Amino acid sequence: MDVSERFWNASLEELTCGYVEEEDQYVCLLCGKNIEKGIIYPDEDKLYEAKRYIRVHIEKDHQSVFAYLIQLDKKVTGLTDHQNALLRLFYQGKNDAEIQKELGIGSASTIRNHRFVLKEKERQAKVFLTMMELLKTKDNHAPAFVDVHKTAKMVDDRYNVTQKEQNEIVKKYFPEGTAGRLKTFASKEKHRLIVLREIAKRFESERIYNEKEVNEVLQAVYDDHVTVRRYLIEYGFLDRKSDGSAYWVKN
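Going by our numbering, the sequence shown opens with residue 2, and the numbers climb by one from there.
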């Protein structure tokens with residue numbers, strides 16, 4: 002199960018914690034890091050058992066679950082830029098007067114109104130989630146959709162893909178299997194997305210690659226590795242430093 006799949010399948014409680022507990026390990030929902038149970042982990046002259054260490058990992062590598070979630074694309078969070086800025090300041094513990102001064106909008110009462118709107122959004126979300134859970138027991142015709150990767154930069158109709166469609170497209174472009182070479186680079190947006198998703202799986206989630214290493218991985222997939230590399234970044238599967246000196250899987 003990849004990082005995005007675990008993320009979207011997690012319960013609200015698990016998302017709030019930032020990790021899921023499995024039989025023999027804890028898995029970070031934000032980056033996929035595995036913390037094996039039964040091992041004592043050293044960190045800055047302290048020793049931690051696995052459950053505490055997964056929390057240490059989240060604090061050190063992601064700051065907090067909130068800090069990670071708030072930086073996701075607005076298509077994933079459903080927040081406007083203004084709501085995003087407000088939530089960041091609320092999380093910092095600032096009062097309405099301080100927020101009004103920092104953002105330079107309206108008055109303290111204006112901020113209170115924004116709090117009310119966000120609270121209303123929370124109530125609506127709870128009702129909607131409940132209805133969707135109940136719908137699962139009745140809607141026997143709903144297709145199995147492929148999860149949107151949580152680092153997606155542009156969420157639109159390209160992501161409207163069923164599991165059946167994905168299997169057919171993967172077979173078309175990887176006739177020798179996903180471990181083999183790409184037959185041709187997809188021109189259709191939806192097909193390209195699915196192809197890139199499969200290619201991204203060839204990179205290790207916690208490893209930092211230099212450009213030569215990235216090219217070696219991609220050349221084993223397709224001759225025009227530069228185009229594939231560009232689209233992996235554009236679609237939010239890989240990220241890199243501005244000078245191209247380091248690449249990594251974007252989780």
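A few of these clues could be false.
Stated by the list, open to error - Calculated lysine-lysine pairs in the PhoX-like style (CA-CA distance at most 20 Å, straight line):
hint : residue 1 : residue 2
1    : K202      : K191
2    : K34       : K191
3    : K76       : K95
4    : K173      : K189
5    : K120      : K137
What the hints assert, rightly or not - DEER-style ranges, computed between Cβ atoms:
hint : residue 1 : residue 2 : range
6    : R56       : R203      : 27 to 35 Å
7    : K172      : L119      : 42 to 50 Å
8    : D74       : R124      : 18 to 26 Å
9    : T111      : D74       : 24 to 32 Å
10   : K75       : G39       : 52 to 60 Å
11   : R203      : L135      : 36 to 44 Å
12   : G181      : K102      : 21 to 29 Å
13   : K202      : D74       : 18 to 26 Å
14   : Y42       : D224      : 23 to 31 Å
15   : K172      : N35       : 25 to 33 Å
I should point out that these hints are in silico values taken from the structure, not numbers from a laboratory.
Note that this is a predicted model, so its numbers are computed, not measured.
Note that the Cβ used here is the ideal one computed from N, Cα and C, for glycine as well.
Assessment of proposed distance window 23 to 31 Å (beta carbons of Y42, D224) | violated, 43 Å
Does the hinted range 27 to 35 Å hold for R56 and R203 at CB?
-> holds, 31 Å
So does K202 sit 18 to 26 Å from D74, Cβ to Cβ?
-> Distance hint for K202, D74 holds at roughly 21 Å.
Are the Cα atoms of K120 and K137 separated by 20 Å or less?
-> violated, 26 Å
Please test the hint of 42 to 50 Å on the beta carbon pair from K172 and L119.
-> holds, 45 Å
Is K202 close enough to K191, meaning Cα to Cα at most 20 Å?
-> holds, 18 Å
Mind checking the hinted window 21 to 29 Å against the Cβ distance between G181 and K102?
-> About 59 Å separates the Cβ atoms of G181 and K102, which means 21 to 29 Å is violated.
Has the given pair, K173 with K189, been kept, meaning a C-alpha gap of at most 20 Å?
-> With Cα atoms ~13 Å apart, K173 and K189 stay inside 20 Å; holds.
K75 and G39, beta-carbon distance inside 52 to 60 Å?
-> Given range 52 to 60 Å: violated, Cβ gap about 41 Å.
For the pair supplied as a hint, K76 and K95, is the alpha-carbon distance within the 20 Å limit?
-> It is violated: about 26 Å lies between the C-alpha atoms, which goes past 20 Å.
Given the hint of 18 to 26 Å, check if D74 and R124 actually sit that far apart at their C-beta atoms.
-> holds, 24 Å
Hint says 25 to 33 Å; check whether the CB-CB distance for K172 and N35 agrees.
-> holds, 30 Å
Comparing the model with each earlier hint shows violations of hints 2, 3, 5, 10, 12, 14; every other hint is respected.
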